[in-house]
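K.L.:
In order, the protein sequences belong to chains X and Z.
Mapped onto my numbering, the consecutive letters of the first sequence carry residue numbers 200 to 436.
Mapped onto my numbering, the consecutive letters of the second sequence carry residue numbers -15 to 131.
Think of the hints as simulated: they come from the structure by calculation, not from any bench.
Keep in mind that this is a model prediction, so the values were computed, not measured.
Fair warning: there could be bad hints in the mix.
[Stated by the list, open to error] Cross-link-like lysine-lysine pairs, in silico, DSSO-like; alpha carbons within 27 Å at most:
id	chain 1	residue 1	chain 2	residue 2
1	X	Lys294	Z	Lys12
2	X	Lys294	Z	Lys(-8)
3	X	Lys404	X	Lys216
4	X	Lys298	Z	Lys92
5	X	Lys298	Z	Lys(-8)
6	Z	Lys0	Z	Lys23
7	X	Lys394	X	Lys294
8	X	Lys216	X	Lys394
9	X	Lys324	X	Lys394
10	Z	Lys0	X	Lys294
[Said to hold, decoys possible] A short list of chain Z residues far from chain X (calculated; beta carbon distances all over 10 Å):
id	residue
11	Trp2
12	Pro21
13	Thr26
14	Pro56
15	Leu58
16	Gly67
17	Gly116
Glycine included, each C-beta is placed from N, C-alpha and C at the ideal position.
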Amino acid sequence: MGGIPTNIRGEVICPTKDDPDAVVPGLMAIGEAACVSVHGANRLGTNSLLDLIVFGRAAALRAAEIVKPGSRVREANGHFQERALQRFDRIRHSKGGNKVGEVRPRMQEVMQSSFNVFRRGDTLKEGLDRLAALRDPLERVTVDDDSLLWNVSLVSALELANLADQAVVIAHSAYARTESRGAHAREDYHQRDDKDWLKHTVAWKDEDWNVTFAYRPVHLHPLSNDVQGFPPAPRTH
Amino acid sequence: MSEFTLPKNSQVGEGKHWALPQPGEHVKSFRIYRWDPAKNATPTLDTFDIDRDHCGPMVLDALIKINDQIDPTLSFRRSCREGVCGSCAMNIDGTNTLACLTPMDSLKKGTSRITPLPHLQVLKDLVPDLSGLYAQYELIEPWLQTD
């Protein structure tokens, strides 16, 4: 299912033209944030323990390999530092007029009604439009308190901005994937379509809410000779 | 003759009353401990009236409603809202408990009092300093030990 794509060592992957599994040096993700993608298109309840126990350990072992004792943390690129701080300051001092606590339920309602368990092209499209209409209120909230001590209204505003990013990429990805697979059930495309869709979606969202996609192949072969791979099969009850 | 003084911030005053804009049929009131280190003032108990017809059933729902609609500066910890993480531990009507697992129906009639967990330094409002707890937690090495 979704998340920050990683390899089996917890290293974040950002596909390039030549390498669908290109590693972002020094960046790692584990647990519910990550997508090692051992669960296929639906992570069943409690299977998250796999990410905790197996990949948490694998990530720690890999980190111990890459980080040499006594080595210095590389200086952050000034441009990116500036961008992160600007975003923080913009949200901290935002006085757009909308209450976070009022905009968030509106976004939740759109996500709940259009991008829910059973999805359909026309309602997904409607949801995309309704989400786009929320862009202005989402970006114009008011943070009443600029203190840096346990400032809940600032945290809520930052969380709302992060949720909006997630909502937009989830929405566009769901609309683009014209098949049913795992947790993504389309009423207008009942079947799994391995010819066109046996691949991971990688999505980028820019500041103008444009979403672009790339695709990565799915690793279907176990790394051990002791077990057979599981080719995708129809789910029957 | 010996002279005793109370520790700093131990005297709690009466705070603001956030009344409902219109009177509701099912109203629950909470007196909630407020203290902001940035303001040079002693703690107060603010009163918040909650319209239960437009609120979830748990005390945490009421706190989130306060944050979303009444006073976004009220600070408290929360995370899973289902009794797993323990973040919303606080003292409700004299009992240390989790706000997410306490139904408002289970509270006494009238006004309920919410204060931070006792015997801990308060960082802000309902947020106590847990660094001592984490230090003790680390001391017992609470993870699976292998040989």
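K.L.:
Please work out if X:Lys298 and Z:Lys(-8) have their alpha carbons no farther apart than 27 Å.
P.N.:
violated (35 Å)
K.L.:
Does the structure keep Z:Lys0 and Z:Lys23 at a Cα separation of 27 Å or less?
P.N.:
holds (15 Å)
K.L.:
Verify the proposed pairing of Z:Lys0 with X:Lys294, using a straight-line Cα cut of 27 Å.
P.N.:
holds (24 Å)
K.L.:
Does the structure keep X:Lys404 and X:Lys216 at a Cα separation of 27 Å or less?
P.N.:
The hint holds at about 18 Å.
K.L.:
Taking C-beta pairs only, is Z:Pro56 more than 10 Å away from all of chain X?
P.N.:
violated (4 Å)
K.L.:
Straight-line Cα separation of X:Lys294 and Z:Lys(-8) no greater than 27 Å?
P.N.:
Violated. X:Lys294 to Z:Lys(-8) sits at ~35 Å, over the 27 Å cutoff.
K.L.:
At 10 Å, judged by beta carbons, does Z:Gly67 keep clear of chain X as stated?
P.N.:
Its Cβ never comes within 10 Å of chain X, the nearest being 17 Å, so this holds.
K.L.:
If we take the beta carbon of Z:Gly116, is the closest beta carbon in chain X still more than 10 Å away?
P.N.:
Answer for Z:Gly116: holds, closest chain X Cβ roughly 17 Å.
K.L.:
Are all C-beta atoms of chain X more than 10 Å from that of Z:Trp2?
P.N.:
Since the minimum Cβ distance to chain X is about 14 Å, Z:Trp2 lies beyond 10 Å and the statement holds.
K.L.:
Is it the case that Z:Pro21 keeps its Cβ farther than 10 Å from each residue Cβ in chain X?
P.N.:
violated (6 Å)
K.L.:
Would you check the hint for X:Lys298 and Z:Lys92, treating anything up to 27 Å between C-alpha atoms as holding?
P.N.:
The given pair, whose Cα atoms are some 32 Å apart, is violated under the 27 Å limit.
K.L.:
Holds or violated: X:Lys294 and Z:Lys12, Cα atoms, limit 27 Å.
P.N.:
Cα-Cα ~31 Å, so violated.
Of the numbered hints listed earlier, those contradicted by the structure are 1, 2, 4, 5, 7, 12, 14 and 15.
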